[in-house]
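S.K.: Okay, here's what each chain looks like letter by letter:
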Amino acid sequence: MFSRPSRGLVDFMAAALCLWAAVYHTPVGALGRAAVARFSGGKADGRSLLAYYTGGVYDAREVTEPDVPTPVPDVDVLATIPPGRALGRGVYAAAVKLGGAERAPVDALAGRYQLALATPEDAARVLEKAQAELGGEEAAVLALFAGYDVASYAVARAKAEGRTPSLEVLAAQLPPTSAGAITRASQALMLGTAYGLSWPVGPGTRVTSPFGWRSHPMLGRAQFHTGVDLSVPEGTEVKVVADGVVRRASEDAVNGRVVIIEHGRGVSTAYCHNSRLLVFTGQRVKAGDVIAESGTTGRSTGPHLHYQLELGRRPMDPFAFRGSKPALVELPPTLPPKNGSGPLAPPKVNPALKDAFQQFAPPEGTEL
Amino acid sequence: MATSTTALGRVSGFFGLFRWAFMPLGLFALVAVGVHAAADLVDDRVLRLVEGLDAWADGLLAQTESLAHWVNRIDSRERTIIARAVALAWELAVDGFIAAPLLGYDEASEPERRFAVRQETWRTLFSRLNQKPTPMRLVRPFVTAVFVVGGAYAVSRLVESTLFVGLVGDVAPADAAQVLARVLGGLALVLVLGSHGWRAVLRALEHADARCEEAAKSSRAKPWLTGTWGSVLAFPLALALVLEARSLLSLVL
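Chains B and X are the protein sequences, given in the same order. Residues 541 to 908, numbered by this note's numbering, are exactly what the first sequence covers, in order. Residues 41 to 293, numbered by this note's numbering, are exactly what the second sequence covers, in order.
Chain B with its partners taken away, still in its complex shape:
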């Protein structure tokens, strides 16, 4: 049906563009590259086929807790850090590890405003100025890691498409060569959001089981504890730690009555073992709203709230984001015993750990 022209330069150029886009930017292209690499004895790149759906934004594999929690002596462990400062801390925690070419855009943007990014407060000031120019918090963070011009270009393209310039939208405007910068920006935003969370219960609440490996009190075997257990009497009001949307409000045999809230920027929190749920799936909630009453439903030995924080769908220790306190805490062992399935010996109580949790004294007679 199709006639064959004798020439082909223009068609070849168009085909080459389509092939370039497909080979390097689609899963089917990745399969083709892997097949060619296998056939020719070469080595395929290690990018997973599923990674083509993330765009490098809020990817769990890229998230790490800040190596060195940046101390803020004036912020109490239970106080909420104001949003600007929280984001400054997140950006600083993500930027402090960078060096060489990766660090260059950070210093360039700070230099643009005659500042140096030496503290979390510096980072907050740089972000404030960049935000005023670019018109968005996420664009400002992208400018810090990808460069001002690149972020400005992405914002202009996003606006031309009539979209809100969130990091996902901005990332879609940039080529794959910017993936590293986008990942660093997403990491900073996740950390900044986590630093800005408040606490679900009032002060004076004891931590009965910290984050990490432990001998499960009911199963009697080693299990990674993906949150912190806060000892509260039944019926205690559980408050959501930041604005968000209820992703799940349901009941099951393990978590009991559970609420999971998505706060955006890859951050979510879960509140388990409640006696009563006060929200429904899909509901929007504001920071401080009472979402449940605590209890001991599901796999639980006594009234407590299991509070869990996830960044990029990876559980993180909520205390890593609570002011200067975590610096004192020696975390529990990060690996189970070699025979994995056997019960763990009772952990030796580390004095620093004990001190750190001292202020969360348990109500008399409360079980784990």
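The set of hints was computed from the structure by calculation and includes no laboratory data. You may find that some hints are simply not true.
Said to hold, decoys possible - Some but not every residue of chain X turned toward chain B, in silico, with C-beta under 10 Å: (1) 65; (2) 161; (3) 265; (4) 268.
If you're wondering where the values come from, they're calculated on a predicted model, not measured in any experiment. From the three backbone atoms N, C-alpha and C, an ideal C-beta is built for every residue, glycine too.
Please arrange chain X on chain B, whose structure you already have, making use of the hints.
M.R.: Below, chain X without anything else, positioned relative to chain B:
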């Protein structure tokens, strides 16, 4: 000037010898890029669906003591992996149904066309579509057209952003880099649509028509049910792209 034109003509003629290889591959690649753009749009919705199903299943399992230990077996990371795997499988299936037939694209010289047993033209295809409409004849060209536009737009955006990021700073000031990248990105869009767009849609119609004709001749196959799976899988992805069509407006803004 004349020499230069001749040289260009000779180069173009040389590339013309390989049309049999790069044209089918280019058409397949264009639609594959469009399908991926659509799958990338829906993967978030797939995740919501997986999470809803998981919550429902947990609630169901929790009601029976002996099954309660299965509750919470799938954590949020695994749910994300499942959702992306579903999106990937969906995309690859649509690639198989919609993009793969484009590999059968074939061109014939004028003498070959003149002496062909069956004189197919776009007019004969459209007349059969009009007289004997089947879901496959209607859906395949439509979804292919949507994927072609989505794919061409994705290619154009890649060209533009890659050029901008490559040029800005050391090579050109931001304003100049932006204008240059925008112009070349727009040219890429026109080039891809003009060269490959219409061919992909017509080839999709040709393939759908051939399948339906085969089914009409066969005693067992039913033309109305031919190609149902491909159409059912591709249509929601195409619809997702149509709903995102506002991004195309940026080309004129």
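S.K.: Evaluate each hint against the coordinates.
M.R.: Hints versus structure:
Using the Cβ-Cβ criterion of 10 Å, the hint placing residue 65 of chain X at the interface with chain B is satisfied: the shortest such distance is roughly 6 Å. With its C-beta approaching chain B no nearer than about 6 Å, residue 161 of chain X sits inside the 10 Å limit, and its interface hint holds. Using the Cβ-Cβ criterion of 10 Å, the hint placing residue 265 of chain X at the interface with chain B is not satisfied: the shortest such distance is roughly 25 Å. The interface hint given for residue 268 of chain X is violated, since its Cβ lies 23 Å from the closest Cβ of chain B, which is over the 10 Å cut-off.
In summary, the numbered hints that this structure violates are 3, 4.
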